[in-house]
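Counting from 1 along the sequence shown, just add 87 to a position and that's the residue number in this note's numbering.
Hint data in this document are derived by calculation from the structure and do not stem from the laboratory. You can trust all of the hints, since none of them are fake.
The calculated lysine-lysine pairs, modelled on DSSO-like cross-linking and capped at a C-alpha distance of 30 Å, are:
#1 Lys278 with Lys258
#2 Lys285 with Lys270
#3 Lys200 with Lys233
#4 Lys183 with Lys200
#5 Lys123 with Lys183
#6 Lys200 with Lys268
#7 Lys240 with Lys270
#8 Lys258 with Lys285
#9 Lys258 with Lys268
#10 Lys258 with Lys183
#11 Lys285 with Lys268
#12 Lys285 with Lys161
#13 Lys270 with Lys190
#14 Lys258 with Lys123
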Amino acid sequence: MIHHIVTGRGPNVICLHGWGGSTDSFLGLARALSDKYTVTLVDFNGFGRSPEPTRPFSLDDYVLSLLEIVRHYKMESFSLVCHSFGGRVGIKFCYKFGYLVDKLILVDSAGMKPRRLPKYFYSLYRHKLLNLLKIKHEAGSSDYKKLSPVMKKTFVSIVNEHLESCAEYVKVPTLLVWGNKDKETPVYMGKRLLRLIKGSEMVLFCGCGHFSYLERHSVFAAAVRAFLSGEQNEMDRGVPCFLPARRRIVTISDFITK
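Please model the entire structure based on the sequences and the hints provided.
Structure (C-alpha cells):
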C-alpha cells in the first residue's frame, strides 16, 4: 500500500497531489479540515515516501492504488480534493467507482487534451511546487531527464491519456477551482470540464497560477469547507467564501486576503 497520512475525525476526505507533489502538498488544507473531517493525504507511487513502481504505471494503476486505501479503511463514501495530476486520478476514479464518491473538487486539474509537450509540463509543475512549498531543490529543464526510466514511461503514459470521455460520466457534485493565470492547465481546460461534468461549478482565483490552492490557501480552504458542508456562504476563520449559487462561475478577486 502506498504511503499516506490520516488526520482528523469525521466524514472522509482524500487529497490527491499533483505530479512532483506529496503528502506535503495538502498539509495546510488538512489542518483546516481536521476539526470536522478525517483527511487522508497520499503519496502516489514514485512520489514522497512511496516507492517507484516496479514497472511503468498507467492512470488505471494509480486509480487502483487509491482504491486499495479506500478498501483498507472500509470507506463507504468519501470526498476527493485533487490537484493537477491528482485530478486525472480523481476523474478516472469517479468514472469507474463514482458510487463511492460524495463530492469532487478539482483544482487546476489536468486531463484535458493539452497544447504543449509533456516535458514542458513536468519542469513547470515541479519548479513551481517546490518554490511555493519553500523546498530547496534544483529544478529546471533537466528534471525530465533526471526521471528514472520507469517514471519517464509512466509520465508519458499519463499525459497522453485524455479524459474528456470519462468526465462526461462524472455524476457527483463537482467544484472546479482554477487560477486565471494558470499556464500549465489553462482556464479553457477548466471551462471544458465545466461543460462536460453536468451540474459542476467553478471558482476562479484572479491573479493565481497553477498552484492557486497554495497562493490563496485561506480562501481555498474556506471554499472547500463550504462546498463539503453544503453551506453556500460559510464564514471560515474570518475569510469570506462565495460559492456559485445561481451562476456556474464565480470570480474571486486577487485583493482578497490569502
